[in-house]
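Undergrad: Given chain A, put chain B in place with the hints provided.
Top line first, the protein sequences correspond to chains A and B. First residue of the first sequence? That's 19 in the numbering used here, and the numbers climb one at a time after it. First residue of the second sequence? That's 19 in the numbering used here, and the numbers climb one at a time after it.
Some hints here could point you the wrong way.
What the hints assert, rightly or not - Covered by chain B, per the in silico footprint, the following chain A stretches (three or more residues, Cβ under 8 Å): (1) 83-94; (2) 127-141; (3) 147-155; (4) 191-204.
If you are wondering where the hints come from, they were derived from the structure by calculation, not from laboratory data. Everything numeric in this text was worked out from a predicted model, so none of it was measured. We treat Cβ as the ideally placed atom computed from N, Cα and C, and that holds for glycine.
There are 2 protein chains.
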Amino acid sequence: MQAALVLTVILSSLLGAFAQKPHHCKSPPYLQGKLAVDFPEGKTMVYEQFYYDALEERIRVVAAGKEGEHDVFMDRLLLFREKVYYDIIYHNKTCTKNSLDAAFVPIAIPFDAKHRAQVVLGSLSAPAEGLLVNNWVGSDAEIKANYSLTFTEFGCIPVVTLYHIDGVGHFLSSFFDMIIGIGDPSALIPPAFCFSNNTVERRDGKATNFFTALL
Amino acid sequence: MQAALVLTVILSSLLGAFAQKPHHCKSPPYLQGKLAVDFPEGKTMVYEQFYYDALEERIRVVAAGKEGEHDVFMDRLLLFREKVYYDIIYHNKTCTKNSLDAAFVPIAIPFDAKHRAQVVLGSLSAPAEGLLVNNWVGSDAEIKANYSLTFTEFGCIPVVTLYHIDGVGHFLSSFFDMIIGIGDPSALIPPAFCFSNNTVERRDGKATNFFTALL
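Same shape as in the complex, but just chain A (with noise of 0.2 Å):
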């Protein structure tokens, strides 16, 4: 009986010891923030508002920016499972229609990425001064990129993602205001002026994750 109970402890131990351990986490399949990007060399910088669903496989980003002393603006609508995405432009009211060859990437750490460590943001000692993070690294062999991703520990939410990719630099981006949920569906929807005639398609497109999507 005693065996037993000691044997109980050990075990139930053991497998707490492996629940504490970071787990290669998804983030929630309804998620919109907002990120800053840094672009190589610092000469570009993007404010993007996103939205990211994970079940129907579409992501839509407006991103406002500077590269240089150009401005750069863009809407884009991905719709992963209908292999296609949206350029649109509002103001006069028209679309590209591109095709998107890339398998749709949920944002989660890759399996084989490594955990390097844990850290808090701010602090724990009084409620809501910190934030626990995991920072894991890795590389893409498809992106020809080395990568390093800091996400919650609890929530599995990104805050930070580094990129750097061969020959093309470093790409940073800074998660914030991020909400679990879609506030907004009818963003996930092409307009209707995308369905007129003035729809322009195109059959270059090219995209690959979550991540690589925003760049």
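TA: Below, chain B without anything else, positioned relative to chain A:
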């Protein structure tokens, strides 16, 4: 009677609105934590463990990192009230005692800093998944620097500070694992061998506020 009630409601809403505005805060008097400092042009990267006591005006910094190809290491105890700082070398039990001209400047948002943004790191959609922070910008005439300071809304804990010093470059400090309090008070007392005959005294010391003292 009704007019008085309306006035009370209006006044309390107004006062509420003022109270809700992010305020120029001061960090807790006892803090310890870690920071990663990225020096100009990314040539030097230093990790620091620090202990901060604003009541007795003492700071201890242990820094290790790389400057180009060279390893750098520093263990410094700054005693602002006594106007001295010690550079401590444990492995051969020697000390350098230096004069310290600067006034102690507590960790705080300077009174003339401008509030730029309040954002959530992670998400407030669920408990423990997000952190509310404020970003402040301004300039410091004394050290000829522009700065961007990101502190937690609750607790006034530093998260990221960026100093751009004229003619020198950027200093990016990322704070983490912050604890309110001091776990090891002896870290703020010079070790016994600093009072022996081996201690060299110098008079060329110079340091300014908390952040530049850590640089």
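Undergrad: Can you confirm whether chain B covers the region 127-141 of chain A, using C-beta to C-beta distances below 8 Å and requiring at least three such residues?
TA: holds (count 5)
Undergrad: Check, residue by residue, whether the region 147-155 of chain A contains three or more positions whose beta-carbon lies closer than 8 Å to a beta-carbon of chain B, and give the verdict.
TA: holds (count 5)
Undergrad: For the region 83-94 of chain A, count the residues whose Cβ lies under 8 Å from any Cβ of chain B; is that count three or more?
TA: n = 0 at 8 Å, threshold three: violated.
Undergrad: Three or more residues of the region 191-204 of chain A near chain B by CB distance under 8 Å?
TA: holds (count 7)
Figure legend: structure checked against the earlier numbered hints; the only hint not met is number 1.
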